[in-house]
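Peer 1: Just so you know, the sequences run in chain order A and B. Quick note on our numbering: the first sequence kicks off at 2 and runs consecutively. Quick note on our numbering: the second sequence kicks off at 2 and runs consecutively.
Source of the hints: derived by calculation from the structure; they are not laboratory data. All values derive from a computational prediction rather than experimental measurement. Please note: incorrect hints may appear among the correct ones.
[Unchecked claim] A few chain B residues facing chain A, derived, Cβ under 10 angstroms:
no., residue
1, L3
2, P24
3, A52
4, M56
5, G100
6, Y125
7, A202
8, P203
[Stated by the list, open to error] Ranges of calculated distance between the beta carbons of each label pair, as one might list FRET restraints:
no., chain 1, residue 1, chain 2, residue 2, range
9, A, A275, B, G189, 55 to 63 angstroms
10, A, R29, B, D282, 40 to 48 angstroms
11, A, R85, B, E366, 38 to 46 angstroms
Using N, Cα and C, we set each Cβ at its ideal position, and we do this for glycine too.
Each chain is listed here by its residues.
There are 2 protein chains.
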Amino acid sequence: MLAAMRLTPLAASLPATVPFVGPEAQERAMGRRFVARIGANESVFGPSPRAVAAMAEAAASVWMYGDPELHELKAAIAAHHGVRPENVTVGEGIDGLLGNLVRLLVAPGTPVVSSAGAYPTFAYHVAGFGGTLVNVPYRGDAEDPEALLLAARKAGAPLVYLANPDNPMGSWHAGARIAEMIARLPGGCLLCLDEAYADFAPEGALPPLDVGEPRVIRMRTFSKAQGMAGARIGYALGHPELIAAFDRVRNHFGVNAIAMAGALAALGDRAWLAEVVAAVDAGRARLAGIAAANGLRALPSATNFVAVDCGRDGGFARRVLEGLVARGIFVRKPFVAPQDRCIRVTVGREADLDAFAAALPEALEAAYQ
Amino acid sequence: MLAAMRLTPLAASLPATVPFVGPEAQERAMGRRFVARIGANESVFGPSPRAVAAMAEAAASVWMYGDPELHELKAAIAAHHGVRPENVTVGEGIDGLLGNLVRLLVAPGTPVVSSAGAYPTFAYHVAGFGGTLVNVPYRGDAEDPEALLLAARKAGAPLVYLANPDNPMGSWHAGARIAEMIARLPGGCLLCLDEAYADFAPEGALPPLDVGEPRVIRMRTFSKAQGMAGARIGYALGHPELIAAFDRVRNHFGVNAIAMAGALAALGDRAWLAEVVAAVDAGRARLAGIAAANGLRALPSATNFVAVDCGRDGGFARRVLEGLVARGIFVRKPFVAPQDRCIRVTVGREADLDAFAAALPEALEAAYQ
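Chain A on its own, in the form it takes in the complex:
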């Protein structure tokens, strides 16, 4: 450690790490580009053309700082959800919002409950603020509300994380089950309900939006169905007092003004969103077909990706993944057993899925050897 750099004890204890290695780093290592980029649950269908036009137009006026109160965008999001602007905070993607939420609630030693194999960036933030992550296992390839509740009670945790629909498995719970979980949270425990994939969820999979309920904060994003992952813009919905707390720690001018313009336009184009959701439905079906044609099973999914059960252990699935990557197909996989028997494939365009369909038998063949 540099003598001039007196890191805090917490900072000194942290590794220099990255929750995810980007496909660009893999491409640099391989010395060539991926043929199909279907590993990061990005929306290959892109943003609404209206959002693209709004962003392109906003480029020339980017000399102005964006409105730190995000007044217009918050009003539009609030109108969209039938709530008030006081129920909305906007941040640099769900990643940024999770960081601020954890910062508000987690001090060194604070227990936080999540699931082993759930979103690594949440775990990164908890570690980054010195929290102690208490992980419960998945149950039947889904996060387990009952186990999360029990662990939260036992640990006295102020924060529990659940993604519905889930990443990386694509599974989901009925909205009624989530609502019941909220009702049964132990006193002083907040549920961070990550709904990044909400737009893809089937009817009934989301609990009613009740912003009078102080025990839950709901995270939404323009990164997935809205196709704006690179723009870094998402929002949280919740009780006004909880939402107001973000103003204590957020980077007030932190959201890119071009992203704001794109998000506003995207919200206004429901037809595009419906098209994307339909295309994703079709893509998921095709992915399931490709899996079946190779003797594999695609797990049911309420997202824009599919976990494909490779039928053996994590080591085998790792070899399948490596075989795909070697053939120019960027996919990822769950980290934790037994979910790690799967690979995770994002819905792509026809050409992407053609490339995947061509590469999978070869990758499997190589993995069996």
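On the provided structure of chain A, position chain B as indicated by the hints.
Peer 2: Only chain B this time, still in chain A's reference frame:
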């Protein structure tokens, strides 16, 4: 406080605040737009046309997350400064970088040294991580390296902040003076040298860039001369170990991909930068002339703004500012005496400065009454 929201003791102690109220909030309160937006040290000349084109083009591919390692941009910045990519970290503007730097070095109770009336966002971050800000006064409308050194030694601070050129006064020190300050830093104390306005600085105002020197980190931005304030992209230059520490806490996917594309293009357009700097020089001269025509003195400035000494106390300057705002001119002013006797006016386009020239006599007249 909500029962479900168990804020950390630190978070509970923080106010819900904003370092700066945006002009948009003032416009909403007034019910009309500003005629001249010359208050936030934005570059009215906008980004390089090449950067605008690159950003507009990048909008369609924003469905992809940006490279979390920012490989290409870091390489270009490194080449531009004649250093290595390991000497560069990129973040969500200097605001974001300051937040991460403070997070690395400041725990509750850590003393941090700055100047009374210096950049409020730095103070916001120090408070946000529980640090104790030790402020020294300006000296002759400039930050005072000697006083900062003394206070850092006395407090045992791990971090001292200095902006050169300075905001909000526009003053600057010779690079040799800053180099001497770095050489005399007490052991274990890092200088955060905020060089947001470096592109406007006269010859000799910047110390040599020595990335083998572990006692200083230098903050640069695309927000000022590069005209990309709304894009939220800046970088820090320093010793590789110091730079690597940011990977412990940064939001790895946090920089907007469109901003990355714009920054890369902006770096390649030195001619545009030279044009902007020349236009700013001319604008500063005109602002000085407008001030003089009204019996006021414009302070010398190495930035894209001018502090205009209104000749009386802070209350008077406040009335001048309010008179300008009431006449549709967005300007700001220093917060702390005696600097608060000034208003701070950003260089604008001809039309902006015409509007300022027309409004200033009326605002002064009203303030004298």
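Peer 1: Now look at each hint and say whether the structure bears it out.
Peer 2: Hint check results:
no.: 1; hint: L3; in the structure: holds, 4 angstroms
no.: 2; hint: P24; in the structure: holds, 8 angstroms
no.: 3; hint: A52; in the structure: holds, 8 angstroms
no.: 4; hint: M56; in the structure: holds, 4 angstroms
no.: 5; hint: G100; in the structure: holds, 6 angstroms
no.: 6; hint: Y125; in the structure: holds, 8 angstroms
no.: 7; hint: A202; in the structure: violated, 20 angstroms
no.: 8; hint: P203; in the structure: violated, 23 angstroms
no.: 9; hint: A275/A <-> G189/B: 55 to 63 angstroms; in the structure: holds, 59 angstroms
no.: 10; hint: R29/A <-> D282/B: 40 to 48 angstroms; in the structure: holds, 41 angstroms
no.: 11; hint: R85/A <-> E366/B: 38 to 46 angstroms; in the structure: holds, 43 angstroms
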